[in-house]
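Protein chains in written order, with my numbering: chain W, 44 to 502; chain Y, 541 to 647.
Treat the hints as calculated values from the structure; they're not laboratory data.
The C-beta atom is built at its ideal place from N, Cα and C for all residues, glycine as well.
Hints are supplied without guarantee of correctness; some may be wrong.
If the Cβ cut is set under 8 angstroms, some of the chain Y residues that face chain W in the computed set are [to be verified]:
#, residue
1, V567
2, S583
3, F608
4, A610
5, T615
6, I616
7, D626
8, M628
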Amino acid sequence: MTLESYFMEATYLLASILFVLSLKGMSHPETARRGMFLAEAGMLAAILGTLVGQHIVTWVWIIAGLTLGSLIGGWMAISVPMTAMPQRTALSHAFGALAAALVGVGEFLVHGAQMGAITRGALGFEVMLGALTTTGSLIAAGKLQGVIGGKPIQFRGQNAINLLIFLAMTGSFVYFWIHPATVAAFYAMLGLAFAFGVMLVIPIGSADMPVVMSLLNSYAGLAAAATGFVLGNNVLIIAGTLDGFSGFILSVLMCKAMNRSITNVLFGGFGSVIAEASADTGGVMREINLEDAAMQLAFANRVIFVPGYGLATAQAQHAVRELAELLESRGVGVKYAIHPVAGRMPGHMNVLLAEANVSYAALYEMEQINPEFPSTDVVVVIGANDVVNPDARDNPKSLIAGMPILEVDRARSVIVLKRGQGRGFSGLENPLFFKACTSMLYGDAKASLSHLAQAIQHM
Amino acid sequence: MNPAVLIASVYVFALAAFLGYQVISRVPPLLHTPLMSATNAISGISLIGSLVLAGAGHAPLFAHILGFVAVTAATINVVGGFGITDRMLKMFGKRLDPKAPNTPGSK
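Extracted from the complex, chain Y is given alone in its bound form:
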């Protein structure tokens, strides 16, 4: 990495941090668990680094195996994280009218 790229990356980092602060401080405490679960799933984006490691040519077998474990772990993170976040948010979405009775058939 040359210094110019580093500086550009630091800009990206700083702006993402600022943007993240602005956006996330608006999330109500009500949704803090789904928020943690969702950001965690999003950071499973390290999957794309794992994919390259698992599939790149000219690499020793050990690197492929590391890549395989990394792909597995990151995929668990992404699929499990988004899946469970959605399950939670579905619960928050239902019964929009506080006084309405339960939808028939549920529980």
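With the rest of the complex left out, here is chain W:
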């Protein structure tokens, strides 16, 4: 080994250690930012090490790629609004996975002939995972951005077709593995993986996006880990595996929070059959006017805000914080209750509220806050639906039966901010809206919250 290679290996080891330390920093908001600096330093070291230690001959493509990538990446980092975080993250998964897939194709082009069976196997996983994550993430980003409709796209025999594509893809892989000289099998595998990624995500509805995002996160990481196996590079294996497992853990947590299995999310096509299944429960939704709602809030002792995806679409995070501060200044105790799958990705609501300067000390997880609802005067539900649906707890026939919910119906009074009388994304009827303690305040959430604040100020 030359001196340069020793230097390179040393930077890789350093990067691996820094990556683990940075994730350890993530265990608390106060240490998280410092942790990220460690990861950034690790990444920089690994890049410099590679440029020094590998036998780089042509610099043009490298410099061009680094410059273009930094410009686009930097622009994304600065300009993307917090409400667009889910689609930004999905896009980012797509880019990472694309890089892994292309490195795989490049390896095949350059070293395909000399590859042993083990490397070929790893290469197959790298290319398949990379390709299907690329297209899958692009579809997810399109759905989140609203370019593609959020409703599940389904047709008869969908699962059978998906299974066929999957079998054809793995078949091409096995054929390529046994007969490495058949270039066609390799490219067939690549193309089928791209197609499979599309097919995997189109039948999934917007409400299930937290699980899908986590899964794609996991796949992108595993694709990078497989790249490490192909190149015999440990830092790639370690970083990729950390990402892969992080995504996996999040997927499991999200599924638990919906009381569903991963298979059910991927192949269940939630939200299509449901419209017929839930008969109208009858009853009337009681509407409340702004003054009465403001009065309730102003003279309450304890108020809990429950944000959902509606908070993000209405961009109401600043308005809710202003209202909350006004209430606090009048001596009202204010808390926020965050359901694990509220929004479109894990932690979505926390980020939005943090952007609006809400202290994280005021944000409560489901298990912490549920015992507090009975002693709460007013709960304000902002664009949340399924996560507060009492059917999940009370009606064993409900399609979301068993899903843990925020038990807002145990509070003395519930005010639901909602755009209109329609059902939520899942199409489920929500008995909460018909309960005696519930009143509905229709309109854009942001406008409603600001008007409430104004009304309270004038009291």
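Could you slot chain Y onto chain W? The hints should help.
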């Protein structure tokens, strides 16, 4: 790759998975979005594979072009991912005292 290297790599994989599980299960739900964003940026480490592909000698032009696209994609992932993670974590860091008013001048 010979079997000995494969076995060593599998060890690395298994230990990284175990370590990842231990470290990541301690991350509070509060920080799940930054976590996803950060791990994603970290997995942009496939950039180092892309660099080799883009710059290695004795490779066909097409491989260089693939490498160029891969470097671009991975760099977007790394720069964008770390940038936005930092932006998010900065928000979580401010206002450590829950009752303190906003810092003057902000909004």
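Do the hints match the structure? See the list:
1. V567: With a closest approach of 5 angstroms, the Y/V567 hint holds.
2. S583: With a closest approach of 4 angstroms, the Y/S583 hint holds.
3. F608: Holds: closest Cβ of chain W sits about 4 angstroms from Y/F608, inside 8 angstroms.
4. A610: 4 angstroms, holds
5. T615: 2 angstroms, holds
6. I616: 4 angstroms, holds
7. D626: 6 angstroms, holds
8. M628: 6 angstroms, holds
Taken one by one, the earlier hints all hold for this structure without exception.
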